[in-house]
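4 protein chains.
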Amino acid sequence: MPYPHFKELRPAYGFDDVAIAPGRITVNPEMTDISMEIEGVRLGIPLIASAMDAVVSPAFAVKMHELGGIGVLNLDGLQTRYEDTAGIYQEISETPQDKATAFLQKVYATPVREELIGRRVEEIKKHGATCAVSVIPANTKRVAPAAVEAGADLIFVQSTVTTARHVSKSVRGLIFSELRHNVKAPIVVGNTVSYDVTLELMEQGVSGVLVGVGPGAACTSREVLGVGVPQVTATIDCAAARDEYYRRSGRYVPIITDGGLRTGGDVCKAVVAGADGIMLGTPLAQAEEAPGRGYNWGMATPHESLPRGTRIKVGTRASLKQILHGPSHLTDGTQNLVGALRVSMGMVGAVNLREMHDAQMIIAPSIKTEGKIFQMRGLGS
Amino acid sequence: MPYPHFKELRPAYGFDDVAIAPGRITVNPEMTDISMEIEGVRLGIPLIASAMDAVVSPAFAVKMHELGGIGVLNLDGLQTRYEDTAGIYQEISETPQDKATAFLQKVYATPVREELIGRRVEEIKKHGATCAVSVIPANTKRVAPAAVEAGADLIFVQSTVTTARHVSKSVRGLIFSELRHNVKAPIVVGNTVSYDVTLELMEQGVSGVLVGVGPGAACTSREVLGVGVPQVTATIDCAAARDEYYRRSGRYVPIITDGGLRTGGDVCKAVVAGADGIMLGTPLAQAEEAPGRGYNWGMATPHESLPRGTRIKVGTRASLKQILHGPSHLTDGTQNLVGALRVSMGMVGAVNLREMHDAQMIIAPSIKTEGKIFQMRGLGS
Amino acid sequence: MPYPHFKELRPAYGFDDVAIAPGRITVNPEMTDISMEIEGVRLGIPLIASAMDAVVSPAFAVKMHELGGIGVLNLDGLQTRYEDTAGIYQEISETPQDKATAFLQKVYATPVREELIGRRVEEIKKHGATCAVSVIPANTKRVAPAAVEAGADLIFVQSTVTTARHVSKSVRGLIFSELRHNVKAPIVVGNTVSYDVTLELMEQGVSGVLVGVGPGAACTSREVLGVGVPQVTATIDCAAARDEYYRRSGRYVPIITDGGLRTGGDVCKAVVAGADGIMLGTPLAQAEEAPGRGYNWGMATPHESLPRGTRIKVGTRASLKQILHGPSHLTDGTQNLVGALRVSMGMVGAVNLREMHDAQMIIAPSIKTEGKIFQMRGLGS
Amino acid sequence: MPYPHFKELRPAYGFDDVAIAPGRITVNPEMTDISMEIEGVRLGIPLIASAMDAVVSPAFAVKMHELGGIGVLNLDGLQTRYEDTAGIYQEISETPQDKATAFLQKVYATPVREELIGRRVEEIKKHGATCAVSVIPANTKRVAPAAVEAGADLIFVQSTVTTARHVSKSVRGLIFSELRHNVKAPIVVGNTVSYDVTLELMEQGVSGVLVGVGPGAACTSREVLGVGVPQVTATIDCAAARDEYYRRSGRYVPIITDGGLRTGGDVCKAVVAGADGIMLGTPLAQAEEAPGRGYNWGMATPHESLPRGTRIKVGTRASLKQILHGPSHLTDGTQNLVGALRVSMGMVGAVNLREMHDAQMIIAPSIKTEGKIFQMRGLGS
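Chains as they are written, first to last, in our numbering: chain F, 1 to 381; chain C, 382 to 762; chain R, 763 to 1143; chain W, 1144 to 1524.
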């Protein structure tokens, strides 16, 4: 008689559960190289602004480019539904909280206007900036080629959960290997959290994989649907797939952590977990340049009877330059994310992001220790 | 000299300790089959209303049937003690909180009237609804045959802790294998939380097993008695027994998770843990159709000197249809439980409940991560 | 080159970290035998009142005996320092909080009067009650024989941490094997938390071992001294020593859990962890019969410059009978401790305490699950 | 196909996560020897005041010496920038909180005056006290020889993270083996948290190693940079390196835990984790003799755009003598640290610090148990 089989549960960790251990040598932060590359598109800093309407406008994307990163423009949002977006943003910010969800539903009921797709891409390209755009899977075949024709350099195909296969009666799922032949630009695909799916997507030829389900992009998923994997474990798993795929194929496909990062410490931990790039939403929605005027709202495809997005106030805290490059006047880790990453790499002894992947990370679960850190902030011992 | 033997403690998990990991493929939610079967009795949706007086009246049972599920009528409660239950329910809801326990004790001191048993069953059957009733072990041999004769389709035999054997000086425990010969209807038995007891009950021929001790049905058990097993671990253990029994006998006996579920996320996790059906109390006591008028109270057999039930206000939140099938106007997971289950199955890539049993589940214990999710609710990242 | 040796840390658990799993059979609570024996002294119930001045007076000890348990009279406290204790107790209860510690220090500065030792023992014996007394190690050789001569049936020798050997320049430690020859009564020794010490004490011939350092008896130990072992793990370890000693010698020496128990659930868990007896302080200081008048204060030998005891208000909540045997009007587990133990044993299927030692215990660490239980108290699901 | 490689995370623990288990024998606290030695410099008690301006002035260092310990004077702070420090301290304490950081930045912008280095050392030496001074790595070669010439007995070379090698374009890192030939005094180096770095530093000939990154010295590191290792695990790891180096070389190099200790319990746990000495900041900033006047502020080398130090109020609580040697009027473990260490060693049965290293330590993570301890403070059970 065989021993009965009990389902096994695997522990998983988020940013607040872990910390980075310093390394055997230290490196001067100024000597660190934090650039990344997505199939030939090079970013000086590995920070990517989320394809959220409250974060990335064409002007914001240009600014991100100037500061070394990139902003992803949502081609299924306000920018392609309205010619005059300024007025819409103002109305959203002025709607009382109890009417915000209903107003957003109304605003997003307006259909996308095809002619605005190319125009928004051009607004970015004409300033010499690298242009990244985001499309939803259902529209990809139609929208992506048009965007590329208008000059888009990177296509992000995003849904809450992406796999290489989708079973449906009515719709045939996207086949990324086919898509690669029709779209003449690198394609970043997501979101996923698993080793298997990451490996399969890379085998289909995608140019990058977005990591994260639950914390962030579909952030009420855990309560409503029970689904979600803490971001550190998700990143570790997908990084293992990237490394395995690289070993097999010799092609290095970057993974981009997306969801729930708030501080420089989170950025550093994501890289140690294996991320090549970091996608940021709320931390950048707080920039003076963000179109959301101190608000942010969810972009998850609305499931009519399962609402998963509402407007929340995030405040306007500093210029984008200060958030990314400092100087920081705060000690909460929300400013000078690039400086934090470089100093952290210096402590670990990592000269570039791939060396940072090899740093040690520990589980440090104590709430009380954390509490003490808060209480003791700024003290020498 | 042998090494000393120290008692071993095994970790156990509840709904808030775990999350579901997305799968390798995705499935269109509309393609999912969420039906279940209890020995020939088929339910379109796997949701079962608890045999609590504040939840299931004959009219509520009919409504549950119309919406695809089933409601279990308590044959040892108000419905079989009073002819005019409407008046009793009103009195209970109007009693001040400090007198509620005493009033409930008085109300339940009235004896059960045998003639009301058949009448309540008929009130359900005459609308063409499937009829499930609940009896306590001590009354089973007397009440169950009468209920079946009146048309009951399913018998639930419930006590706080059920085993296949009970040691007592005065009472001979129920022998379920004998009961099966005397009662011509499927018999669902519970509650238990262990592999061994589930296997033994199935070997005695029961038609279903209710899982859950501690969180829910006897919910002060843990503080008063120290007894209780968190629901995810209990479900996993009993599901392992079901699978082993199926392997041995070829008979598939469903297990029904009972206790402590509040949200769609909990329902999804229960299925991934191995549940075939889900019993819900408080979430359905909040329906407009619930007889409890916004209150709920415990059904545990009162142990004179160890009180374990009191009336609490749960509020009336929506129609039963909205709670089960949506649409949902809330993001807290308390509405559209069926939609949540289908969408979650879609993310996991499960076409039916038994495929959902094979999904991966993780331990995600971080309180802070949870906190962040709350704080970030509705945001894209 | 050998692998470096890192110190290993072992996880340890307290009452709130664990829960009892129900068993394979159930037993009628009325059939359970919860008696225990300490070298021929039999207790009908395994509950022992702590040797604290706020808990046990001679009258209280008589009452405990009548209710099936036993109360341990402190021979190094108020009862042997003052002829008229009633007045002292009243003064203590009437001292303002900010002067309480100083007043207690003054009260306990009065020397012990030898003639009161025998008198207090006789006050208990004349009512036909079993008499247990507590002495500190330094006074044991002098006080214990006098107490036994006056009729004491059980001697408790207690200090914060007891081992079989004590290293000191000035004082020769107690040798329990010698003590056994000079004191003609069973000797219970404590406190300890370790397998090794328990085994060594039993090999020296003690009649019982008190388990617990940290939670309770020296309850600021953990903060001030860093010392303390959570009570479930301590009990499991000492129970393993008892079982090993029994295996070797055939003599069964009971262990008594002492410290930090508050509820019926804690009592049940202590027994499952392996305890033969349960020592209770604060829960009994809340009895109407307790001499402390709603207060309790520490008995730890005061270390002049490391104060570890102060007076705290515990309130008067019910009669001793109600606390021990019910009926309970509360659902927080603080009343009817005996009833709770019997019902819990029934769920586990244990007919006596030694069968209860074999029950399964789980680690159920979720704070949120616990929270939910509170919120859901009294509900059927 | 090899199994994919997932990054492994190792659990780590801080003071609040652990507790000390009592030992097999007990020892009279008065018999314990708690002295330590750093390459011939002997300390009667193993407590070292942090090189923070708010803690150690020359007068404070003299007082520490008189009480058995040592205070480390910061040679890169106020004492070497200002002739009249009293005025500066007063100004700092009188600056409003919202201007404190800016004022501190201004105060520390004044350059170090070389002639003050020798003078401060002499202020300590002229009272016959052992003199320890702290220098930052960049200034070590210049400042350390001058300090030694003036009479300094111990040199501490401290930075946030120290390794035996530093990679930089502009600066050649300190080579400690070279430094040892140029500085005629024992050199203590830090901070580190790892086995490898500790071993490497000892092989380079350092006289002692400071342990701790994250909790304390650079205490916002975890949030800003993600870097930090809880102190118990860090101490265990570095102690393993010390023991391995001792096994290889026969030279015993003490390790000093630095960061986050608040109570006597923390001091005891640090020693059990393997520390030979304990560096204290805030607990001593609360002494009446501390120059900070009830404030403390961070000494971390300010990274212009990543501020990591601010002034916080710590209050003045007792004389240094009372904090170190008692008597204590409090039960929170902040006074009589030496007494606590001796009593704890007595419970463990350790006669000296190296025996205390062998005590057992447990993981006792329960928040609720901790809560109960607070609630029960001072009670006998």
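Accuracy of the hints is not assured; some may be wrong.
Label-pair restraints from in silico Cβ distances [claimed, not checked]: (1) F/GLY128 / W/ILE1279: 58 to 68 Å; (2) W/PRO1154 / C/GLU389: 11 to 21 Å; (3) W/ARG1185 / F/ARG317: 50 to 60 Å; (4) F/ALA109 / C/PRO477: 26 to 36 Å; (5) F/ARG317 / C/ARG698: 34 to 44 Å; (6) R/PRO766 / W/ALA1229: 47 to 57 Å; (7) C/HIS386 / R/ALA821: 57 to 67 Å; (8) R/GLY1012 / C/GLU389: 52 to 62 Å; (9) R/ASP1094 / C/THR697: 37 to 47 Å; (10) C/GLU389 / R/MET793: 20 to 30 Å; (11) R/ARG772 / C/GLU669: 45 to 55 Å; (12) W/PRO1154 / F/GLY250: 30 to 40 Å; (13) C/ARG698 / R/PRO766: 35 to 45 Å; (14) W/PRO1470 / R/ALA821: 52 to 62 Å.
Everything labelled a hint here was simulated from the structure, so no lab data went into it.
Quick reminder that beta carbons are idealized off the backbone N, C-alpha and C, glycines included.
| Hint check against the structure, violated hint numbers in rising order | 1, 4, 7, 8, 9, 13 and 14
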